[in-house]
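Trainee: Listed below are the residues making up each chain.
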Amino acid sequence: MAKLKGAITVNVERCKGCNLCVAACPTDTLSLQPNEVNDRGYHYAYMSNPDACTGCCSCAWVCPDACIEVYRVKID
Amino acid sequence: MELKDIIKEENKVYSKPELLDDVHMHYCPGCSHGVVHKLIAEVVAEMGLTEKTVGISPVGCAVFAYNYIDVDWVEAAHGRAPAVATAISRLWPEDVVFTYQGDGDMAAIGTAETIHAANRGENIVMIFINNAIYGMTGGQMAPTTLIGQKTATTPYGRRVDLNGHPLEITDILATLPGTCYVTRQAVHTPAGARKTKAAIKKAFENALTKKGTSVVEVVSTCNSGWKLSPVKANEWMEENMFKHYPLGDLKVD
Ligand SMILES: Cc1ncc(C[n+]2csc(CCOP(=O)(O)OP(=O)(O)O)c2C)c(N)n1
Ligand code: SF4
Ligand code: SF4
Ligand SMILES: [Mg+2]
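Keeping their order, the protein sequence lines are chains Z and W.
Per the numbering used here, the first sequence starts with residue 1, numbered consecutively.
Per the numbering used here, the second sequence starts with residue 1, numbered consecutively.
Be aware that one or more of the hints could be misleading.
[Stated by the list, open to error] Once the Cα atoms are required to be at most 30 Å apart in a straight line, the calculated DSSO-like pairs of lysine-lysine come out as:
id : chain 1 : residue 1 : chain 2 : residue 2
1  : W       : K150      : W       : K210
2  : Z       : K74       : W       : K232
3  : W       : K210      : Z       : K3
4  : W       : K8        : Z       : K3
5  : W       : K211      : Z       : K74
6  : W       : K52       : Z       : K74
7  : Z       : K3        : W       : K52
8  : Z       : K5        : W       : K210
9  : W       : K210      : W       : K52
Derived from the structure by calculation, the hints contain no laboratory data.
Since the structure is predicted, the reported quantities are computational estimates derived from the model, not experimental observations.
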């Protein structure tokens, strides 16, 4: 069966560190940066566990600031 | 497989809608307003209505919506969005005209405009962001504030004897013959956001086919006004708001 492998990018300067994407991700792929902040001082989201991403887009759907781009490939 | 092999243009399945401008939105982190803006921007582009859509922005946190979604807009005085929308839709009947209003705008100062526009069956879409509070002005009680809910003006919780009952404006609008579609949605989960997008699309289709007034309520969070984190605000909404404002279609003609 083909497996889905995904990855996301975060528009770091748009991100407000609201944590909604982290909570929505069913595979625990995302976290907020523990130390780094963007120009506005927000701890932005990133893939802390990139291997887990399936490209399901859950994070992107709930992001209020449309920061997230999702990529997905099928691997056999 | 390495990230650089996945993150390629041809593998992209989700990105910021083009009609959502590349500017910082002033909303608080996690505010439902942003999600709904994104969905409107997607629907307008997907329906090919970029040159045919006019939004009426409210007074409330969404006052600057015209800076964020790249369609034509008019900014109305507080509560008057349905009156302005009436004029525009009558003068430009081929356009899709929508209002974007908070609970204060729609169900307090604008109650008369809201009810009469819907009762006339104006060919407009009303998008109603019900966060049960006056977000913009610092979290005062709104008509839709729940019984017991603490706000700046109900510090011990809303009381029926003092403050009256929460106003179910959407239920009232559903009873009017002028409305063709009345629905209540939420954008706190991916599934909820998908359903809300479908509802906005249906409402816009109704405007194109001149079916009358469509109302899309989005039960929303104002985590700043509620004094909760965005994630906790979503949980509070599920536990409290959905009991009083159950999701689903109220009317489909
Ligand atoms: C004529 C008039 N009266 C009162 C106000 C003050 N005011 C600004 S926004 C607002 C209420 C906003 O609440 P809501 O419509 O629920 O929008 P939200 O900010 O919660 O999205 C009020 C009362 C105003 N700007 N103009
Ligand atoms: S939902 Fe969006 S704004 Fe919020 S933390 Fe995630 S990427 Fe940032
Ligand atoms: S005050 Fe409330 S409604 Fe206004 S932007 Fe902040 S969270 Fe959103
Ligand atoms: Mg409000």
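Trainee: Which numbered hints does this structure break?
Mentor: Those not satisfied are hints 1, 2, 3, 5, 6, 7 and 8.
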